[in-house]
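Q: Residues per chain, in single letters:
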Amino acid sequence: MSKNPEFVKFDKVDKSYDGKVLVVKDLQLDIAEGEFITMLGPSGSGKTTCLMMLAGFETPTNGEILLDGNIISNIPPHKRGIGMVFQNYALFPHMTVYENLAFPLRVRKIEKDEIDKKVDKALSMVSLNGFETRMPGQLSGGQQQRVAVARALVFDPAVVLMDEPLGALDKNLRESMQYEIKHIHESIGVTVVYVTHDQSEALTMSNRIAVFNDGKVQQLSSPAELYEKPVNSFVAEFIGENNTFNGEVSDISGDECKVKLSNAEILSNAISVKSKGEKTTVSLRPERALIEPTEKMDNMFSGKIEEVIYHGDHTRVRVNLLGNPEFILKVPNSTSNLELKVSQEIKIGWNSYDARALDPK
Amino acid sequence: MSSETKQILTTDGIPLEVSLKKAEKKNKIRAFLLVAPLLLFLFITYVFPIGEMFTRSVDDKMITNMLPKTFKAMEKWDGKELPSEEVFAGFYSDYKVLIENQTQGKLGQRLNKEKNGFNSITKKLMRQIKRNKIDESQSIKEQIMKVHKRWRDVEYWQAIKRTAPPYTMAKYLKGMDMYFAADGSIAQVDEDRRIHRILWLRTLEIALFVTIFCFLMGYPIAHLLATLPMKYSNLLMICVLLPFWTSLLVRTASWMILLQQQGVVNDFFVMIGLVADDNRPEMMYNKVGTYVAMTQILLPFMVLPLYSVMKTISPSLMRAGKSLGGTPFVAFWKVYFPLTIPGIGAGCLLVFILAIGYYITPALVGGASGTLISNQIAYHMKTTLDWSFASAMGLMLLSGVLVIYWIYNKLVGVDNIKLG
Chain A
66 MSKNPEFVKF DKVDKSYDGK VLVVKDLQLD IAEGEFITML GPSGSGKTTC
116 LMMLAGFETP TNGEILLDGN IISNIPPHKR GIGMVFQNYA LFPHMTVYEN
166 LAFPLRVRKI EKDEIDKKVD KALSMVSLNG FETRMPGQLS GGQQQRVAVA
216 RALVFDPAVV LMDEPLGALD KNLRESMQYE IKHIHESIGV TVVYVTHDQS
266 EALTMSNRIA VFNDGKVQQL SSPAELYEKP VNSFVAEFIG ENNTFNGEVS
316 DISGDECKVK LSNAEILSNA ISVKSKGEKT TVSLRPERAL IEPTEKMDNM
366 FSGKIEEVIY HGDHTRVRVN LLGNPEFILK VPNSTSNLEL KVSQEIKIGW
416 NSYDARALDP K
Chain B
10 MSSETKQILT TDGIPLEVSL KKAEKKNKIR AFLLVAPLLL FLFITYVFPI
60 GEMFTRSVDD KMITNMLPKT FKAMEKWDGK ELPSEEVFAG FYSDYKVLIE
110 NQTQGKLGQR LNKEKNGFNS ITKKLMRQIK RNKIDESQSI KEQIMKVHKR
160 WRDVEYWQAI KRTAPPYTMA KYLKGMDMYF AADGSIAQVD EDRRIHRILW
210 LRTLEIALFV TIFCFLMGYP IAHLLATLPM KYSNLLMICV LLPFWTSLLV
260 RTASWMILLQ QQGVVNDFFV MIGLVADDNR PEMMYNKVGT YVAMTQILLP
310 FMVLPLYSVM KTISPSLMRA GKSLGGTPFV AFWKVYFPLT IPGIGAGCLL
360 VFILAIGYYI TPALVGGASG TLISNQIAYH MKTTLDWSFA SAMGLMLLSG
410 VLVIYWIYNK LVGVDNIKLG
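Going line by line, the protein sequences match chains A and B.
For the first sequence, the working numbering begins at 66 and goes up steadily by one.
For the second sequence, the working numbering begins at 10 and goes up steadily by one.
Incorrect hints may appear among the rest.
Here are the simulated lysine to any residue pairs, SDA-like style, with alpha carbons at most 20 Å apart [to be verified]:
hint	chain 1	residue 1	chain 2	residue 2
1	B	K343	A	I393
2	B	K343	A	I175
3	A	K144	B	W342
4	B	K343	A	M160
5	B	K320	A	Q152
6	B	K343	A	E293
7	B	K343	A	M200
8	A	K144	B	P337
9	B	K343	A	V172
The hints are simulated quantities; they were obtained by calculation from the structure and are not laboratory data.
So here's chain B without its partners, still in its complex pose (with noise of 0.2 Å):
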């Protein structure tokens, strides 16, 4: 009894498990050591990116670098009345700085995307400066006020308020087709300019329907791959995998070859009489054609998980199944169904995270109503250049994957995913 609870001592006298920390310590140095560049490149590739984007989307300092006296100033302001004469000196001297660097332009193209109008005042305003209109002995508050009336009009200097803090969520709002109104609180946009928020949506039914139609392609595909004999299989498995080895362009290419008015796929079916030659449905530049490519193009990440798994599921089991008394559908549905989970789970949520983010294919065929909302990142990313509109746009997408990863590992569990 008294030999379970007595410290194990080596034949040296050192305590066994000491000795047996110390050597397998190396080991784990030398593990670790392995694995040390992949981690280090993983954080550079993966966690700094995030991270910058992540500042980037929230980042408004350059307002409150440009105007460091006025907002000094304005701390003591309400913001309910025009603001005291020190305000206006501060924004003044700001101003004048500013004009000196040549950097004004900026202000003013910030400024009027908080508020309309401001562009053209902070111009005026600049003119009167360079040509020394502005007599710094006297009043500087009457004096800008007199430049235009919108300098009286105490909404413009509540805008310049609001731009104060270095940080602002005002992105993601937007990624929602919301905004800060004046008075600060959180406002809806009009309901005929809500455009992220369709586009959010679509992307939801487009990733789940693309993932919907892969399974239910990609589930007979895999199961006839893991049953034919080998030659056969083989050779079905480089069909499965051939648009792996083409370019994503040249599928999405070819398959606007397929699916045009004049296409392919049209003049098929005003051969065999299914629609007139006047009258050929549209397939392209629509919801349809993102649909089809897409499908075709993420069909091997549904079909590979699944054909791991049927792989390894023994045809002794539905033979089992079956001489037990189930019918081939029930031996089907009991026995093969529930064990190519782990697969179906892998599919689905490879196809619809890759779905989701999908970029080229619904530019290239989808058309007005075709298009993700990595699209419009793109867009802003290439041609508005509000990069901190498609960072924020970017973690909002990344986030509702990570939600749709939690939902899905509470309903399957992620210990149950078998990627091959």
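Okay, chain A solo, but in the shape it has when bound (with noise of 0.2 Å):
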């Protein structure tokens, strides 16, 4: 089977709601068929904006939405047919289990014995059977999120919307439902547009990520691409933990260039820097450097641990490092560990490559 990669299209989408602020900017995004892509950004991002106009809650100021190569910007919500799973929910409480199941499948008048096997599949794909005459205020709301998630799927759509559906379960509870849902879209195929302010959600479940920051998609990749290779200091920022040093930039040859701070030169890897004399922020993962390392490094600089942090797993180390008096290390838990305490003096090393030269904060 072919996938369209072209299944659901931005194309110049622009959206204001006051006609001063434009909350979506110039959004070209192509998502293809059978997709999961998050929508990662902060609240005010115009992530959501961008979900509503693909569900037809708003319309868009200028540009269109195109659905499996036809405009849906004119047509009204209900004739789109795509799955919405909202933020709270949206179980109707008065209605059972089942009716809620139904809804969808009654309004496109399906024969009744088909409801009922199709309401069936959906239950026992969120292994819910047996719950079809309760009330939704007497599941748990773990138990609610999966009633929802199982509507929106049960008319087949071809695109299912997830508007933060995580946001109201506890920590433990939102993992599991992370796992279960990355399954069910495994299993079935159906594209996924899911929308999160939750950045290790959005690295869990997704195919593609498009981080939003202001109106605009700073880098859409694959997760693993986000997180090693931010292509600017807000991605880099966003998504995990981040050191950062900002300098000027002295020598670029390549992909390679020196970057100097108030008391040091460090070597880069030159991503979005050009020239001499360019400002930069250096973007560095905690976990890329290393304490005391034992093979030769590109950068090695010694600086004073501030603070200990016992992680469990991993220590975190908080040390003041060129100036810099925030720098983060994680230390994996292992018993070749190094004693570590508070003012002491230690050295630390990192790789060119893992220091990435990015647009000045």
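Hints in hand, dock the two standalone chains.
A: Below you can see the structure in the form of structure tokens.
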């Protein structure tokens, strides 16, 4: 089966509510059939607005949205055939679980037997068989959530939208639900557009992540690439933990560059700097910097330990390094671990490839 | 296993249940003391007056107390022939006491209500007694019968006997245009005099239509209030509540200014050419006036419960309904509307019950065809001073409301009512 790489297409979409501020600016986004794509960003970044435009509750101020090649901007929500899971589940409180699931089928005038079959199938997908006659109020948060997912899928929509569906759940339940939704997606191959502000949720679940900020997609790539190779300092800052140094490019040759800080010079990977003299922010993941490295590394500096925090599987060490008192290191908890003490001087090293010179903050 | 059935003890060795009860007792007493003033207040202002109203409505002790000997003697009387000498003698001595106390007039009036013609013959008897024309050594029956021929009519004595019981349902029957006929059976009043039944039906009809109008107008307003952005909804809320803060009398008076034949509304109709100047429609002193004014006045009672319920309905439910494939109408009808039923119930019940007992507005703008049963009650309270009849009708109204409440509970369930 050949999959349409442009199953959902945002084509130069702008959106403004008040005619003064654009909440979505020139959005260009293609979503492939069967893909699990996450819109990730801080609140107010325009991600939910995009979802609402796709669902049909908001109209784009400019540009078009295409679903399977058809412009849908003028189609009302109930004719789009897009399933949606809402932030607070939006289960109909006066209907039983069965009636909730049967609602989209009944409005489509499907036969009773067929409805029963589909509802049963959808409930078994979220392992909630036997809950048909319960009212939503009698279910726990996780169960309500699964009913909401089943309801969004029961009428076999081409696309399912999920608007921060796990936001109201506690941490453990949220994690298990993440896997459950991911598995459902894998087993039925529906296209999912997922909105969240929780980066770990986005990283675990998605095929691709679109990081939103300020109404624009900052980076659209796979979770691994997003984490390993952020293209700008917003993404580097937003996804995962990040150590930064602000400086000026003093020398550049190919992929490598030298960045001059106030009191040192570090070798970095030139990502978004082009020429000498440019201001830049160097981003380095905490786990890429090593303490007392045994082999030779491109950058070797020493700093003073400010704080040691025990985290069980790893220890976080805050070091004052090159004038940055917030430099974080993650030290895996292994037997070969060094004795780390506050105000101890340690050597820290990292390779130039891992230090990405991005746009200045 | 055994530990489950074993009594659990506290560390001091007292059974846990006893200890818990003891600990909670103080709180319970404190809570009760807090509500005690309110309970007392409710009792004094609610239970007591209603009880008082009930006794007044069935009370018929006046004559029972005025003619004790007569009724004692009447116990043996079969009520078919003229009563015996004993009864006449009893009546004579009772009446003499009344004349001495100068309360004989009340008896005449009261008996006259029971049967026409009593007033004149009791007065005549009084004059005879005052002039000492009655010789107590002779047969009193013969002498009284000579006073007026009606004293010889058995129907008048039957009428006296009917007033004997200290309690009567007559006022309730009167409220339904019925009465106790001479033989004690229940009879209908003549068709052209059945005024109360018309009033009851009209009250129900007006209350029902006012409720429907309030619902039809209040529902969209409440919806708008619940969905508009804060700054507009606050303004709208003030518009809805403004009538609440205006005196009822002022509002009714302003409706009179608007609706009268030379009033603002009629002027406007003439101006836009809807009606001819010499053919202005009557919009006041009839049902139209009552409908318009009462709907406007009772509207907030519909809007507020609806609003409070609608406010709790998440907008995402309607969106869910639509995204799942329901047309906007289906989403409204299957999702939104059922969720507002508690508010509809509360609003309708509130408006209906208020409307059924409405008084000032129909009295001022209702005219002859727009007055309600409450106006009739007020009329008997203030004009005829027949308080027991007014009480009886008041209680009938109250029990009507209770019946409606009961039906409502069966249909919708009182637990489903949300007042806010």
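Q: Indicate, hint by hint, whether the structure satisfies it.
A: Each hint, compared with the structure:
1. K343(B) - I393(A): 55 Å, violated
2. K343(B) - I175(A): Holds, because 17 Å separates the two Cα atoms, which is no more than 20 Å.
3. K144(A) - W342(B): At roughly 18 Å apart (the allowed maximum being 20 Å), W342(B) and K144(A) satisfy the hint.
4. K343(B) - M160(A): 10 Å, holds
5. K320(B) - Q152(A): 18 Å, holds
6. K343(B) - E293(A): Since the Cα atoms of K343(B) and E293(A) sit roughly 49 Å apart, the hinted pair is violated (cutoff 20 Å).
7. K343(B) - M200(A): 16 Å, holds
8. K144(A) - P337(B): 11 Å, holds
9. K343(B) - V172(A): Roughly 10 Å separates the two Cα atoms, so the pair holds.
In terms of the numbered hints stated before, the structure departs from hints 1 and 6, listed from lowest to highest.
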